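Engineer: All chains, full assembly: derive it from the sequences and hints.
Number of protein chains: 2
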Amino acid sequence: MEVRSKSYRYPTTVRWTGQKIGTSSVAGKPNLQVATPPEFKGHEGIWSPEDLFVAAANSCLMTTFLSFAERAGLGFTAYESEAEGLLELVDGKFMFTTIVLKPKVTLKPGEDAGKAKELVMKAEANCLISNSMKTKVTVEPIVS
Amino acid sequence: MEVRSKSYRYPTTVRWTGQKIGTSSVAGKPNLQVATPPEFKGHEGIWSPEDLFVAAANSCLMTTFLSFAERAGLGFTAYESEAEGLLELVDGKFMFTTIVLKPKVTLKPGEDAGKAKELVMKAEANCLISNSMKTKVTVEPIVS
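In order, the protein sequences belong to chains Y and F. For the first sequence, the working numbering begins at 380 and goes up steadily by one. For the second sequence, the working numbering begins at 380 and goes up steadily by one.
No lab work stands behind these hints: they were computed from the structure. Incorrect hints may appear among the rest.
In this list, chains with the same sequence are indistinguishable; a pair is considered to hold if it fits within one copy or across any two.
Unchecked claim - Quick list of in silico lysine-lysine cross-link-like pairs, BS3-like style, CA-CA up to 30 Å:
(1) K487 <-> K408
(2) K420 <-> K496
(3) K501 <-> K481
(4) K515 <-> K501
(5) K472 <-> K496
(6) K487 <-> K513
(7) K408 <-> K494
(8) K481 <-> K496
(9) K385 <-> K472
(10) K515 <-> K494
(11) K513 <-> K501
(12) K487 <-> K501
(13) K420 <-> K487
(14) K420 <-> K408
(15) K481 <-> K494
(16) K496 <-> K515
(17) K487 <-> K385
(18) K472 <-> K408
(19) K385 <-> K420
(20) K483 <-> K494
(21) K501 <-> K385
(22) K483 <-> K501
(23) K420 <-> K501
(24) K420 <-> K483
On a predicted model such as this, the values are computed, not experimentally measured, just so you know.
Structural biologist: Here it is as structure tokens:
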């Protein structure tokens, strides 16, 4: 039996800088300002924890798709995905109940749209971020 | 019976820009480059979906703490939190099994360290990002 013991660690820091704002940092990567969003008495124009959470799911589908498409030799010219997370009160506490991802893939001429959709769905099934969420993540691919 | 029907929507987009890299965007906020991390055959120096996920939990604890500390009238001069997410194979699929958050709070003279720790733990219990994760999120506050 093969023992798959691989694991990876992701360290990150956040430092409060005043008001409801802080700086998120990952070693060797650009800093990112984060803040409480306006609807929770915070700030406009700054990434919120909510944005980061939804963007994590959305970007994970992209990176997983890129890997699967490469392995499958799928030819495409564009990938863009709109995501929307829904925050709702469940038993008196807020949580993201659903995230809907709408990836739009533009294929090279002659490529198989069915195969592309399959690869998107396979990518989502293997997305390690969705796997880590209680949130129901649904994918509605548009392939052209 | 009070019906709490409040809900919020968080839209975000990611657009592939080449290689294993894309641009994450939220309307009215700065764009953020995202990429597959090096350990999954991606790129150095760019935020990965994994970084976003861990940063979401870490920054949510900060913003929730800021709100609770304000309401409780707690005087503090600094807040910095190191976080580490552990990605492991579970039933053949990667997921974040644990995230450890180590918030360090520096109090104003005369403030009660016990009360500050309580506020941190209460903030974590109410963090909407942790609430949305399968990941076991633990908090180890350091108050001085």
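Engineer: Each of the hints needs a verdict: does it hold here or not?
Structural biologist: Hints and how they fare:
1. K487 <-> K408: neither (33 Å within a copy, 32 Å between copies)
2. K420 <-> K496: between (41 Å within a copy, 23 Å between copies)
3. K501 <-> K481: Only inside one copy: K501 and K481 sit 15 Å apart there, 35 Å across copies, limit 30 Å.
4. K515 <-> K501: Both: 16 Å inside a copy, 26 Å across copies.
5. K472 <-> K496: This pair counts as between: shortest inter-copy Cα distance 21 Å, intra-copy 35 Å.
6. K487 <-> K513: neither (36 Å within a copy, 38 Å between copies)
7. K408 <-> K494: For K408 and K494, neither the intra-copy (35 Å) nor the inter-copy (35 Å) Cα distance is at most 30 Å.
8. K481 <-> K496: within (12 Å within a copy, 41 Å between copies)
9. K385 <-> K472: Intra 34 Å, inter 11 Å, cutoff 30 Å: inter-copy only.
10. K515 <-> K494: For K515 and K494, the Cα distance is within 30 Å only inside one copy (24 Å; across copies 36 Å).
11. K513 <-> K501: Answer is both: 19 Å inside a copy and 21 Å across each meet the 30 Å cutoff.
12. K487 <-> K501: Within one copy only: 20 Å inside, 52 Å across.
13. K420 <-> K487: between (46 Å within a copy, 24 Å between copies)
14. K420 <-> K408: Both: 29 Å inside a chain and 17 Å across chains, each within 30 Å.
15. K481 <-> K494: within (17 Å within a copy, 45 Å between copies)
16. K496 <-> K515: Close inside one copy (19 Å), not across copies (33 Å); limit 30 Å.
17. K487 <-> K385: Classified as neither: same-chain Cα gap 36 Å, cross-chain 44 Å, threshold 30 Å.
18. K472 <-> K408: between (33 Å within a copy, 27 Å between copies)
19. K385 <-> K420: Intra 41 Å, inter 15 Å, cutoff 30 Å: inter-copy only.
20. K483 <-> K494: Within one copy only: 14 Å inside a chain, 50 Å across chains, cut-off 30 Å.
21. K501 <-> K385: The answer is within: 22 Å in one copy meets 30 Å, while 34 Å across copies does not.
22. K483 <-> K501: within (15 Å within a copy, 41 Å between copies)
23. K420 <-> K501: between (39 Å within a copy, 19 Å between copies)
24. K420 <-> K483: between (34 Å within a copy, 23 Å between copies)
The structure fails to meet hints 1, 6, 7 and 17 from the earlier list, while all remaining hints are met.
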